[in-house]
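Novice: What follows is the residue order along each chain.
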Amino acid sequence: MASTDTVSTGKPHAPPARDVPTRRAALLATVLVILLLVTGFVQSWNTALIILNMGLISAVMALGVNLQWGLAGLFNVGIMGFVALGGLAAVLMSMPPVTAAWSVGGGRLAAALAFGAAVVAGAALLRRRTAPGRTRAAGMFVLLLAGFAVFRWLLDPAVAAIESVNPSAGGYLGGLGLPILLSWPVGGLFAAGAAWLIGRTALGLRSDYLAIATLGIAEIVLAVLKNEDWLSRGVKNVSGLPRPVPYEVELQASATFVERTGRLGLDPVQASTLTVKLAWAGLFTVVLLMLLWLAQRALYSPWGRMMRAIRDNETAAAAMGKNVGARHLQVFVLGSAICGIAGAMLTTLDGQLTPGSYQPLRFTFLIWIMVIVGGSGNNVGAVLGGFLIWFLWVQVEPIGQWLMVLLTSGLADGSALKAHLLGSAAHMRLMTMGAILLLVFRFSPRGLVPER
Amino acid sequence: MSDPASTAAPEPFLVGERMSGGYGAADVLHGCTLMVNRGEIAVIVGPNGAGKSTAMKALFGLLPLREGGVRLDGESIDALSPQQRVVHGMGFVPQNANVFASMTVQENLEMGAFIRRDGIRATMDEVYALFPVLAEKRRQPAGELSGGQRQQVAVGRALMTRPRALLLDEPTAGVSPIVMDELFDRILDVAATGIPVLMVEQNARQALEIADRGFVLVQGRNAFTGSGAALLADDEVRRSFLGG
Amino acid sequence: MDALNAIAALTNFVIVPALAYGSQLALGALGVTLVYGILRFSNFAHGDTMAFGAMCTILVTWTMQAAGIGAGPLPTALLALPFGIALTALWLLATDRVVYRFYRRQRVPSIVLVIVSAGVMFVTNGVVRFVIGPGDRNFDDGERFIVTAREFRELTGLREGLAIKTSQGITVLTAIVVVALLFWFLNRTRTGKSMRAYSDNEDLARLSGIDPERVVLVTWLIVAALATIAGTLYGLDKSFRPFVYFQLLLPLFAAAVIGGLGNPLGAIAGGFIVAFAEVTITYAWKKVATYLLPDELAPSGLLQMISTDYKVAISFTILVIVLLFRPTGLFRGQSL
Chain A
0 MASTDTVSTG
10 KPHAPPARDV
20 PTRRAALLAT
30 VLVILLLVTG
40 FVQSWNTALI
50 ILNMGLISAV
60 MALGVNLQWG
70 LAGLFNVGIM
80 GFVALGGLAA
90 VLMSMPPVTA
100 AWSVGGGRLA
110 AALAFGAAVV
120 AGAALLRRRT
130 APGRTRAAGM
140 FVLLLAGFAV
150 FRWLLDPAVA
160 AIESVNPSAG
170 GYLGGLGLPI
180 LLSWPVGGLF
190 AAGAAWLIGR
200 TALGLRSDYL
210 AIATLGIAEI
220 VLAVLKNEDW
230 LSRGVKNVSG
240 LPRPVPYEVE
250 LQASATFVER
260 TGRLGLDPVQ
270 ASTLTVKLAW
280 AGLFTVVLLM
290 LLWLAQRALY
300 SPWGRMMRAI
310 RDNETAAAAM
320 GKNVGARHLQ
330 VFVLGSAICG
340 IAGAMLTTLD
350 GQLTPGSYQP
360 LRFTFLIWIM
370 VIVGGSGNNV
380 GAVLGGFLIW
390 FLWVQVEPIG
400 QWLMVLLTSG
410 LADGSALKAH
420 LLGSAAHMRL
430 MTMGAILLLV
440 FRFSPRGLVP
450 ER
Chain B
0 MSDPASTAAP
10 EPFLVGERMS
20 GGYGAADVLH
30 GCTLMVNRGE
40 IAVIVGPNGA
50 GKSTAMKALF
60 GLLPLREGGV
70 RLDGESIDAL
80 SPQQRVVHGM
90 GFVPQNANVF
100 ASMTVQENLE
110 MGAFIRRDGI
120 RATMDEVYAL
130 FPVLAEKRRQ
140 PAGELSGGQR
150 QQVAVGRALM
160 TRPRALLLDE
170 PTAGVSPIVM
180 DELFDRILDV
190 AATGIPVLMV
200 EQNARQALEI
210 ADRGFVLVQG
220 RNAFTGSGAA
230 LLADDEVRRS
240 FLGG
Chain C
0 MDALNAIAAL
10 TNFVIVPALA
20 YGSQLALGAL
30 GVTLVYGILR
40 FSNFAHGDTM
50 AFGAMCTILV
60 TWTMQAAGIG
70 AGPLPTALLA
80 LPFGIALTAL
90 WLLATDRVVY
100 RFYRRQRVPS
110 IVLVIVSAGV
120 MFVTNGVVRF
130 VIGPGDRNFD
140 DGERFIVTAR
150 EFRELTGLRE
160 GLAIKTSQGI
170 TVLTAIVVVA
180 LLFWFLNRTR
190 TGKSMRAYSD
200 NEDLARLSGI
210 DPERVVLVTW
220 LIVAALATIA
230 GTLYGLDKSF
240 RPFVYFQLLL
250 PLFAAAVIGG
260 LGNPLGAIAG
270 GFIVAFAEVT
280 ITYAWKKVAT
290 YLLPDELAPS
300 GLLQMISTDY
310 KVAISFTILV
320 IVLLFRPTGL
330 FRGQSL
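Chains as they are written, first to last, in numbering that gives the first Met the number 0: chain A, 0 to 451; chain B, 0 to 243; chain C, 0 to 335.
In short, the hints are calculated from the structure, not lab data.
Please note: incorrect hints may appear among the correct ones.
Residues from chain B that keep clear of chain C, each with C-beta distances beyond 12 Å, as calculated [stated by the list, open to error]: (1) Gly23; (2) Pro46; (3) Asn47; (4) Asp184.
Straight-line C-alpha distance at most 27 Å; calculated BS3-like pairs for lysine-lysine [as the list claims (entries may be wrong)]: (5) C:Lys286 x C:Lys237; (6) C:Lys310 x C:Lys164; (7) A:Lys225 x C:Lys310; (8) C:Lys310 x A:Lys235; (9) C:Lys237 x C:Lys310; (10) C:Lys286 x C:Lys310; (11) C:Lys237 x C:Lys164; (12) A:Lys235 x A:Lys225; (13) C:Lys285 x C:Lys164; (14) C:Lys237 x A:Lys225; (15) C:Lys164 x C:Lys286; (16) C:Lys285 x A:Lys225.
Interface residues of chain B toward chain C, partial, derived using beta-carbon atoms under 8 Å [to be verified]: (17) Gln82; (18) Ala96; (19) Ala100; (20) Phe113.
Glycine is no exception: its CB is placed at the ideal position from the N, C-alpha and C atoms.
Based on the provided sequences and hints, a complete structural model is requested.
Specialist: Right under this line is the structure:
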């Protein structure tokens, strides 16, 4: 990163040095508000609120990624995996348990999973307790192979039994039936756990290795979600997740609500949809502000300063005795946990878990552009960048189509070239994303709201 | 001690005169002068941090000089980059990472002669004659050789361009005394072929024993200059740098 | 116990496909490892570079096919390859000039180059989809099979057929030729040795008068050739679809890491290790087991260790294992 910030000495900055980031942030925030208002007036308030809500969730993800990149220079390509784990948490926490499935195979499945975990733990123990060499490698190989065979022998019948219980509507174990809001921190925990496992493997080695290792994480998590029907119904999806905000129909049925909104000149349907979306926005904003406050506290704490010192000069820090690998692991886990929370929020908003709808490549790099454009190393910048890029991502497609129609208006109707160009407008988004990444990284690597 | 600025009648083949400069804001060298004549071995010694390696890097163009200049065979070479100085006939053996560890001895020599487009067979044979152990291990990766043998590869690599002057940065760093003796013998052989050799050394006593001329640097300045024998005999030099 | 049929089945369903896939991965991993060894970063754009190379070859192939130029029993794509390589080389040199060179001059940490290569990946992917569209493209022609299943059965009288597709045979042969050429180049030519020297010790190489920009140029040319050939062979074998090439990234990187990043020999070994692992672990061994075991022990289940849905998990697991136990790889590559 072409950052030339020197290591902070901990002394409070004189006001002039703070000004640029604050001014830029204020400017950017104002622009965003205006964009949103314009959308509301020109298109519809419904659209504006939909964009706002997804923007809030994206902002949380950008915050998590910024923690990893800004504080530790970690390139995490597996963001979507952590997000999906958050979504899984939403299902596992809030859906009611399917007692029939539990009674038929739940016990055996739990035993299988516990056994599998024990085998892995055993292998790890073996690795730590014995000397490196051929015998150790052979022993671990045999242990894992045999363990895998037994694991499958335990697991497969249980899975078959569970998935045969009411496959069209159930076919899985269900969840714990707890309030869905609880799943948000639990989603963070799931993501943190996965991040810890991956980080222990890939951190402390070359920085490229983490990128390569996380390349697979999202794919693996999604593969599990798509194929293990007993867990979350796979591609059959889990819908009808409980909501922390009221349902539109509930509001429409409520006489007081209809009367109050009628006074504002809104019809019940419109009013209810807007109110529900505002409620979501409120919830998400609370979470975002909490996380932002925590992130800011962390950034300016002695811990944060040490992290940035490590980032700016890793060899010097290591020479001073700092455990670079452990610090990186901390940041990696925290950042991923935040993405997990966002994932739970996302699935709660959708009301359903659809593994097929996660597009790891596209969304992961969208978040990266948010961080880089917004301001890597600056939490507020990353959050605002999240809003901005999400807004552009949604709005650019209709504009792009319109632009392409304009460009091809000179061509004869029905010409193959014109059809090809019009059809390809949809692909341009990804390419534009790549181009923006390159341009911003080259000409404005510190982003719109630079690090202090 | 003779004044380093007053040269003997023939102009020294390689001279860095009143060099001042450093890596950043602060200077490491203060008006330091080094030189070596044809057929001579000149040795630069001094305590740690005296700027010995820095002075050598300045001769080679790896350090920007604020003041002073470097002349090779009468011509100023200040404007030349290190690579260009190699083309002009300076050979440099860095202290660390001075071989291509994954490549064979023979390939190292070939790479040493990279800038030459003519036949290098004859030069390679000469290097093998100078360093017989290299001929023996010519197909082995340089990284697998012992420390002393690796240094020989490094020197051989630098000799492949037929340099008109050879600069060595602490060639005996980290080798055992026996190996050091052998290395010095080899360096003597190299100098015997007529190439002037300028060498920074930590093992001051042994280095001065084979030196025609010695430069003692302290804190980037010339402290003592003279023939190797004279410096060895001098009480002050012996007490301060040679351990009595 | 029917050893011959077991062998035939094993060869048909495991060995031949794994050899072909391994050759493709080996060529791709060679490109990855070269970029890492010389340009010192993990090139996330390599999968889509393979797609780009395949695309160029396909376009030229179609032109040739339309003009009636063919290669007899061999696919026309082979004739189109040189042109595909040339076009891909231009693309790579352009991206180097526009994107990577700036960062190279600045000596940035390699993670920056990795991020930037991800941007290049998107642009390349977009260009490919823009030019040739996102759908399936067939450009195979010539004889489909070297030996069909039926021919084999008639020849040997066995129950199991063994089919070897032309594309598979070409893949393995081409891979052998390319690898031999590459190693000859790296070990026997002045330029090749200078590249190895540059990869080994950049400072010393510069000191020896080796021109870094020339080394970079030649590297990209070689990578263009490797990526185009690998991409075309993969497309011939399986059929061309742009988004499939991104999914090859993980197996490619796993292969390169296993062998030791920066070590060409390792990349080849890694390619075959990953390919064989993927194929054998997802193969349903029931058939072969039925041939080999006595009737009483004949298995009822599929004997498939992991379903093909989890193919990505295999290269990922191999990668994790290597990172845990031997990050420098089987052959010592450059790492840390």
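Novice: With reference to the structure, classify each hint as holding or not holding.
Specialist: Cross-check of the supplied hints:
1. Gly23: Fine: 17 Å to the nearest Cβ keeps Gly23 of chain B off the interface.
2. Pro46: The claim holds: Pro46 of chain B sits with its nearest Cβ about 27 Å from chain C, beyond 12 Å.
3. Asn47: Per Cβ check, Asn47 of chain B is outside 12 Å of chain C; nearest 23 Å; holds.
4. Asp184: 25 Å, holds
5. C:Lys286 x C:Lys237: 24 Å, holds
6. C:Lys310 x C:Lys164: It holds: about 23 Å lies between the C-alpha atoms, which stays within 27 Å.
7. A:Lys225 x C:Lys310: 13 Å, holds
8. C:Lys310 x A:Lys235: At roughly 21 Å apart (the allowed maximum being 27 Å), Lys235 of chain A and Lys310 of chain C satisfy the hint.
9. C:Lys237 x C:Lys310: 16 Å, holds
10. C:Lys286 x C:Lys310: 21 Å, holds
11. C:Lys237 x C:Lys164: 11 Å, holds
12. A:Lys235 x A:Lys225: Distance of about 8 Å is within 27 Å: holds.
13. C:Lys285 x C:Lys164: OK: Lys285 of chain C and Lys164 of chain C at ~24 Å, within 27 Å.
14. C:Lys237 x A:Lys225: 24 Å, holds
15. C:Lys164 x C:Lys286: 22 Å, holds
16. C:Lys285 x A:Lys225: 25 Å, holds
17. Gln82: 5 Å, holds
18. Ala96: 6 Å, holds
19. Ala100: 6 Å, holds
20. Phe113: 5 Å, holds
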